[in-house]
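A.B. asks: Got chain A; can you put chain B on it based on the hints?
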Amino acid sequence: MTNWRVLDLTANSASVNMALDEAISDAVKAKKALPTIRFYKWKPSAVSVGYFQSLTDEVDVALCKKTGIDFVRRRTGGGAVYHDGNGEITYSVIAPESLFPKGITESYHVICGWIADALGRIGIPAEFKPINDIIAAGKKISGNAQTRRNGILLQHGTILYKLDVATMFSLLKVPKEKISDKFIEDVKQRVTSVTDINPQVTEQQLKDALVAGFTSGKEFEFGTITAEEKAAAEKLAKERYGSDEWNFLR
Amino acid sequence: MQGVHTEKVPGGKLVRIKVDFNPEDGLIEDVQMQGDFFIHPEEFVESIEQLLVNLDQKDSEESIAAALSRLVEEEGAELVGVTPEYIAKTFKTALSSASSAPQQLQQ
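Chains as they are written, first to last, in the numbering used here: chain A, 56 to 305; chain B, 2 to 108.
This is chain A alone, in the form it adopts within the complex (with noise of 0.2 Å):
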């Protein structure tokens, strides 16, 4: 059976974070590390967008600048995601291809069946739905985005906590006349956050569950990132993902 690594909830910069996820790719693929389940949150708040969107197109980047949000490009598809410091747990698995059915849909159905699993254990009854969303009560919780590099397979992920529509749209670009209360309310019919749901659950409650979901039925042993994964983040963070060059390229 595979034994897999569990990196527990850290908080870090947008460009840290992206970059963690690339250098465990890195470590799993030359088998310098385990298999890796990694949970994390964004400080500060952070936008990110997916590969092939424009991130001046997406996001109102000068207002994040003045508010100290941080901005970042992905290496994986998808749309853009405002991820609030408070707001949301983030995760990454990190493994060989071969631990995953072949499909993209049905590798997507298999991790967020653990995110489903999770939110169960909570009293909030979940399903996967196609192309990349997880819907509770009818409405998205959680949304996922999938690359496969080198034989190595990255899936993150986000599973909303507390939902902030007035902030996630005066950062989404949105034409303003749209974001009206109506639009708000729109919004809100579409997506839902675990404390929508059940209020009483603490953010712990909703980590541990997290954790317990997705490492049932595995070997695991809770690790810490290594020295040379740091040091690759570390270097990543600076010369790709905090770069203009990188974020503004599309």
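Simulated from the structure, these hints should not be mistaken for laboratory data. One or more hints might be untrue.
[Said to hold, decoys possible] Beta-carbon label-pair distances, calculated as ranges:
1. 240/A to 55/B: 24 to 32 Å
2. 55/B to 140/A: 42 to 50 Å
3. 64/B to 176/A: 51 to 59 Å
4. 235/A to 59/B: 42 to 50 Å
5. 31/B to 160/A: 27 to 35 Å
6. 58/A to 74/B: 36 to 44 Å
7. 57/A to 42/B: 18 to 26 Å
8. 221/A to 28/B: 17 to 25 Å
9. 237/A to 75/B: 44 to 52 Å
10. 164/A to 42/B: 18 to 26 Å
Quick caveat: nothing in here was measured; it's all calculated off a predicted structure. Positions of the beta carbon are idealized from the N, C-alpha and C atoms, including for glycine.
C.D. replies: Leaving out everything else, chain B in the frame of chain A:
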């Protein structure tokens, strides 16, 4: 001239294509394909953009879609949330908005 068009793929994602078109020589200078779709491997988007830059702009939507399908197959790439048909449709609409700009009509 730049033409931009965005389509929502039914059951899929948004795809936006920006076309830079030179009305003087009638050549497509640059194509950018953006959106919240997935392409595996990600760099394959550059092959798609290259194909669109180089094709004959009189090519029909159907023949562009067929060329894109062949390229996807040859390279073993995978598109998720977007299809060759919608890329072709979005591209043709973006191109026509770029090439039907006023100065082009006067010629």
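A.B. asks: Would you mind marking each hint as holding or not holding in the structure?
C.D. replies: Going through the hints against the structure:
{"no.": "1", "hint": "240/A to 55/B: 24 to 32 Å", "verdict": "47 Å, violated"}
{"no.": "2", "hint": "55/B to 140/A: 42 to 50 Å", "verdict": "45 Å, holds"}
{"no.": "3", "hint": "64/B to 176/A: 51 to 59 Å", "verdict": "53 Å, holds"}
{"no.": "4", "hint": "235/A to 59/B: 42 to 50 Å", "verdict": "44 Å, holds"}
{"no.": "5", "hint": "31/B to 160/A: 27 to 35 Å", "verdict": "33 Å, holds"}
{"no.": "6", "hint": "58/A to 74/B: 36 to 44 Å", "verdict": "38 Å, holds"}
{"no.": "7", "hint": "57/A to 42/B: 18 to 26 Å", "verdict": "25 Å, holds"}
{"no.": "8", "hint": "221/A to 28/B: 17 to 25 Å", "verdict": "46 Å, violated"}
{"no.": "9", "hint": "237/A to 75/B: 44 to 52 Å", "verdict": "48 Å, holds"}
{"no.": "10", "hint": "164/A to 42/B: 18 to 26 Å", "verdict": "21 Å, holds"}
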